[in-house]
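*Asks:* Same order as they appear, the protein sequences are chains A and B.
Just so you know, my numbering puts 196 at position 196 of the first sequence, and the rest follows in order with no gaps.
Just so you know, my numbering puts 11 at position 11 of the second sequence, and the rest follows in order with no gaps.
Rather than coming from a laboratory, the hints here were simulated on the basis of the structure.
If you're wondering where the values come from, they're calculated on a predicted model, not measured in any experiment.
Every residue gets a Cβ at the ideal spot worked out from N, C-alpha and C, and that includes glycine.
Don't take every hint at face value.
[To be verified] If we take Cβ atoms under 7 Å as the criterion, some of the chain A residues that face chain B in the derived model are:
| # | residue |
| --- | --- |
| 1 | Ala115 |
| 2 | Thr117 |
| 3 | Asp120 |
| 4 | Gly121 |
| 5 | Met122 |
| 6 | Asn129 |
| 7 | Tyr132 |
| 8 | Ser133 |
| 9 | Gly137 |
[Stated by the list, open to error] Cβ-Cβ distance ranges computed for the label pairs, FRET-style:
| # | chain 1 | residue 1 | chain 2 | residue 2 | range |
| --- | --- | --- | --- | --- | --- |
| 10 | B | Ala36 | A | Asn248 | 32 to 40 Å |
| 11 | A | Ala59 | B | Lys437 | 52 to 60 Å |
| 12 | A | Ala149 | B | Asp46 | 49 to 57 Å |
| 13 | B | Ala43 | A | Gly234 | 44 to 52 Å |
| 14 | A | Asn196 | B | Asn427 | 41 to 49 Å |
| 15 | A | Ala149 | B | Ile432 | 50 to 58 Å |
| 16 | B | Glu392 | A | Lys172 | 28 to 36 Å |
| 17 | A | Asn48 | B | Ala309 | 55 to 63 Å |
| 18 | A | Arg214 | B | Ala43 | 24 to 32 Å |
| 19 | A | Lys172 | B | Gly367 | 38 to 46 Å |
| 20 | A | Glu96 | B | Gly249 | 34 to 42 Å |
| 21 | B | Ala36 | A | Asn48 | 19 to 27 Å |
| 22 | A | Pro272 | B | Ala36 | 49 to 57 Å |
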Amino acid sequence: MTEILSAVLVLSITGAIFAVVLYFVAQKFKVIEDPLIDVVAEALPGANCGGCGKAGCRAMAEAFVKQGNMDGLSCPAGGAEVAKKIAEILGCTPEEKEPQVAVVRCNGSCANATAKTKYDGMRDCTFANSLYSGESGCAFGCLGLGNCAKACQFDALSLDPETGLPVVNEEKCVACGACVKACPRGIIELRNKGKNNRRVFVACRNKEKGADARKSCSAACIGCGKCAKTCPFGAITVENNVAYIDFNVCKLCRKCVAECPTGAIHAVNFPPKPAAAPTPAPADETGSNPKNE
Amino acid sequence: MGGVHPEENKISTAAAIEEFPLPKTAVILMNQHLGAPATPCVAKGDKVKVGQLVGKAEAFMCANVHSPFSGTVAKIDTCKDAFGLAKPAIYINVEGDEWEESIDRTPDIVKECTLEPKEIVDKLKAMGVVGLGGATFPTHIKYSVPPDKKAEYLIINAVECEPYLTSDHRVMMEHAEEICIGVSILRKCLGVPKAYIGIENNKPEPIAVMTDMAAKFEGIVVEPLKVKYPQGAEKQLINAITGRRVPSGKLPIDVGCVVSNVGTAYAVYEAIQKNKPLIENILTVTGKKLEKQHNYHVRFGTTYNDLIAHSMGSLPETTGKVISGGPMMGKAVSNLDAPTTKGASSLLVIDEGEAVRAEESNCIRCGKCMNACPMGLEPYLFSALVKNHRIEEAGAHNILDCIECGCCFFSCPANKPLLDEIRLGKNLYRGILMAKKK
Numbered sequence: 001m002t003e004i005l006s007a008v009l010v011l012s013i014t015g016a017i018f019a020v021v022l023y024f025v026a027q028k029f030k031v032i033e034d035p036l037i038d039v040v041a042e043a044l045p046g047a048n049c050g051g052c053g054k055a056g057c058r059a060m061a062e063a064f065v066k067q068g069n070m071d072g073l074s075c076p077a078g079g080a081e082v083a084k085k086i087a088e089i090l091g092c093t094p095e096e097k098e099p100q101v102a103v104v105r106c107n108g109s110c111a112n113a114t115a116k117t118k119y120d121g122m123r124d125c126t127f128a129n130s131l132y133s134g135e136s137g138c139a140f141g142c143l144g145l146g147n148c149a150k151a152c153q154f155d156a157l158s159l160d161p162e163t164g165l166p167v168v169n170e171e172k173c174v175a176c177g178a179c180v181k182a183c184p185r186g187i188i189e190l191r192n193k194g195k196n197n198r199r200v201f202v203a204c205r206n207k208e209k210g211a212d213a214r215k216s217c218s219a220a221c222i223g224c225g226k227c228a229k230t231c232p233f234g235a236i237t238v239e240n241n242v243a244y245i246d247f248n249v250c251k252l253c254r255k256c257v258a259e260c261p262t263g264a265i266h267a268v269n270f271p272p273k274p275a276a277a278p279t280p281a282p283a284d285e286t287g288s289n290p291k292n293e
Numbered sequence: 001m002g003g004v005h006p007e008e009n010k011i012s013t014a015a016a017i018e019e020f021p022l023p024k025t026a027v028i029l030m031n032q033h034l035g036a037p038a039t040p041c042v043a044k045g046d047k048v049k050v051g052q053l054v055g056k057a058e059a060f061m062c063a064n065v066h067s068p069f070s071g072t073v074a075k076i077d078t079c080k081d082a083f084g085l086a087k088p089a090i091y092i093n094v095e096g097d098e099w100e101e102s103i104d105r106t107p108d109i110v111k112e113c114t115l116e117p118k119e120i121v122d123k124l125k126a127m128g129v130v131g132l133g134g135a136t137f138p139t140h141i142k143y144s145v146p147p148d149k150k151a152e153y154l155i156i157n158a159v160e161c162e163p164y165l166t167s168d169h170r171v172m173m174e175h176a177e178e179i180c181i182g183v184s185i186l187r188k189c190l191g192v193p194k195a196y197i198g199i200e201n202n203k204p205e206p207i208a209v210m211t212d213m214a215a216k217f218e219g220i221v222v223e224p225l226k227v228k229y230p231q232g233a234e235k236q237l238i239n240a241i242t243g244r245r246v247p248s249g250k251l252p253i254d255v256g257c258v259v260s261n262v263g264t265a266y267a268v269y270e271a272i273q274k275n276k277p278l279i280e281n282i283l284t285v286t287g288k289k290l291e292k293q294h295n296y297h298v299r300f301g302t303t304y305n306d307l308i309a310h311s312m313g314s315l316p317e318t319t320g321k322v323i324s325g326g327p328m329m330g331k332a333v334s335n336l337d338a339p340t341t342k343g344a345s346s347l348l349v350i351d352e353g354e355a356v357r358a359e360e361s362n363c364i365r366c367g368k369c370m371n372a373c374p375m376g377l378e379p380y381l382f383s384a385l386v387k388n389h390r391i392e393e394a395g396a397h398n399i400l401d402c403i404e405c406g407c408c409f410f411s412c413p414a415n416k417p418l419l420d421e422i423r424l425g426k427n428l429y430r431g432i433l434m435a436k437k438k
């Protein structure tokens, strides 16, 4: 009997001592977390894509709550809908942001930029980029090994087996920018979705002189500057032998598309035969080509 | 430690060194060495002579570039190198073969060198001499030993453990005396009592020739070495000759060693004794399917297409790859219009069947890559870490110690592109380190 009693006693006393120690430790190391963080985290998409620049959705929720408003913070994956929800929770007005989409600025398809060599190394764009110019010889074009598609958390990017180029699914793309970071050649850009989802952009990044660029790809921008001269809005700049269209200035008139001698400028999601457009683009390969979007 | 035994395929050993004819036009790249590119110091329309300085070294890690041809400068522009990447270059229309008067072109061998070590280093710098073992490290920097370090051993790398390559073999057979004079100059420059020339045992003729010649010189010892790839890698060679190990992240000079290629020793002789800048090197043109094997004295600026046209007419139809360097560490040439550079040691034509990479399968944890790694690293681990973007962990496992010899890839039964993955990991880890420094 005494053995049982002593055992119960000893265990009870040690239990009591540990309880007191644990109580003080818990007080000392208490983590006070705003319950709002959980609510905000719940409202975020939870894809942890990193598009906002934070480590994940939870970190983003913490940032929202800490700041108390939405200035300078936005979840590109969630878009306007999520922004509205979070604004409600935080009791502020969401920041107005033009919706964006990822755009592939290379038209070096298998047909346009024929392969002069064959690559048989590791299937990774960053690695291939550190080795050489690429199968077509263009040191600025898409390598077609799919780092962008691997980086996309929303299944919005895939490689077209026919052209060898990445294709953006506009419906699924949330413009998180993961593909932009994944591309070692900076081919993918986030551009405003534009009116009626229509966009005009230069699908080339080749900085070589015209003749050299054409050697590796028939659809390369040769930096002739015709588009910049034609543009009535001054939206186009030609620098380092390559043109760039500023999407904030472009009014989607498509004069440049008609002017481009190599078909490097792409206009997407325009109706096939524009009746009301001021200068109808000729219906050749320079016209709308949704495949490359 | 580690190493593999690839098929040697030294089929061009018997081909004596021939002079390669001058091309009609040539392109001289400004970054033929490790470090910053040289700055062109001639203008369009200028007449240049062979050996004239055309690219001046302005940065610390840089080497002078001299014209290997005489003629007129056609333009100063960029040129795509062997890998299709645009690099600054000087285009020259070759006219005749007029040399700078200061260069001694007589066949007489000049033995005496009265220059002081400092003068030797300065002359090497002026002559644009770089290491010809492949890394093209500027020689004058290597032989300017920092005052807090002391050189004890001079090691001359004549191992040539890469399969197919025979340029070192031929230069030893034909220019043994010049090499020994070059080695004596380098030995004097460092102030070390002895120089060791390491040669693999599979080259009995060069060993015999060099041993006979070395006996006539003071302080030169020929060391025959075990046949094993990569015996000629700097750290492995140091270990084989001195028994010392270069610690991770350190340089050979930290264990008192300076290693130079045998081709560099020959270039040093020519630069110091004959006033001839580095304008050409010995290049092996080889391949199993080629009718004739060649070793050429090629002036750099000659294009790969010139080499192919002169040596074999056109590439065999079944060519799978054209490689600059050996099959283990060389790089496939994707642009044959590109000019050769100081670092080019061979043009290797590999057949379709040989060039194919076998299909990759899963790692079976056999550990062959670990056994093969001469640096005692764990290639399979790097492969997994790099694939999962855990670059810093790979860095903690000393991924930067990898010498990129390719033994892991060679020995992998699952045909995993281990070296590709490690190279990617090294690049990414260097990027992380650079970002941290900032």
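*Asks:* Each hint should be assessed against the structure and marked as holding or not.
*Replies:* We went through each hint and held it up to the structure:
1. Ala115: Where the cut-off is 7 Å and the nearest Cβ of chain B is about 10 Å from Ala115 (chain A), the hint is violated.
2. Thr117: At about 4 Å, which falls below the 7 Å cut-off, the nearest Cβ of chain B leaves the hint on Thr117 (chain A) intact, so it holds.
3. Asp120: holds (5 Å)
4. Gly121: holds (5 Å)
5. Met122: holds (4 Å)
6. Asn129: This hint is violated: Asn129 (chain A) lies away from chain B, its Cβ roughly 9 Å from the closest one there, beyond 7 Å.
7. Tyr132: This hint holds: Tyr132 (chain A) lies near chain B, its Cβ roughly 4 Å from the closest one there, short of 7 Å.
8. Ser133: holds (3 Å)
9. Gly137: At 5 Å from the nearest chain B Cβ, Gly137 (chain A) passes the 7 Å test, so the hint holds.
10. B:Ala36 x A:Asn248: 32 to 40 Å: holds (39 Å)
11. A:Ala59 x B:Lys437: 52 to 60 Å: For Ala59 (chain A) and Lys437 (chain B) the Cβ distance comes to about 26 Å; the hint is violated.
12. A:Ala149 x B:Asp46: 49 to 57 Å: holds (51 Å)
13. B:Ala43 x A:Gly234: 44 to 52 Å: At 37 Å between Cβs, range violated.
14. A:Asn196 x B:Asn427: 41 to 49 Å: holds (43 Å)
15. A:Ala149 x B:Ile432: 50 to 58 Å: violated (24 Å)
16. B:Glu392 x A:Lys172: 28 to 36 Å: Holds, at about 32 Å.
17. A:Asn48 x B:Ala309: 55 to 63 Å: holds (57 Å)
18. A:Arg214 x B:Ala43: 24 to 32 Å: holds (28 Å)
19. A:Lys172 x B:Gly367: 38 to 46 Å: holds (43 Å)
20. A:Glu96 x B:Gly249: 34 to 42 Å: violated (52 Å)
21. B:Ala36 x A:Asn48: 19 to 27 Å: Check failed, 41 Å falls outside 19 to 27 Å.
22. A:Pro272 x B:Ala36: 49 to 57 Å: holds (53 Å)
Hint violations for this structure: numbers 1, 6, 11, 13, 15, 20, 21, all remaining hints satisfied.
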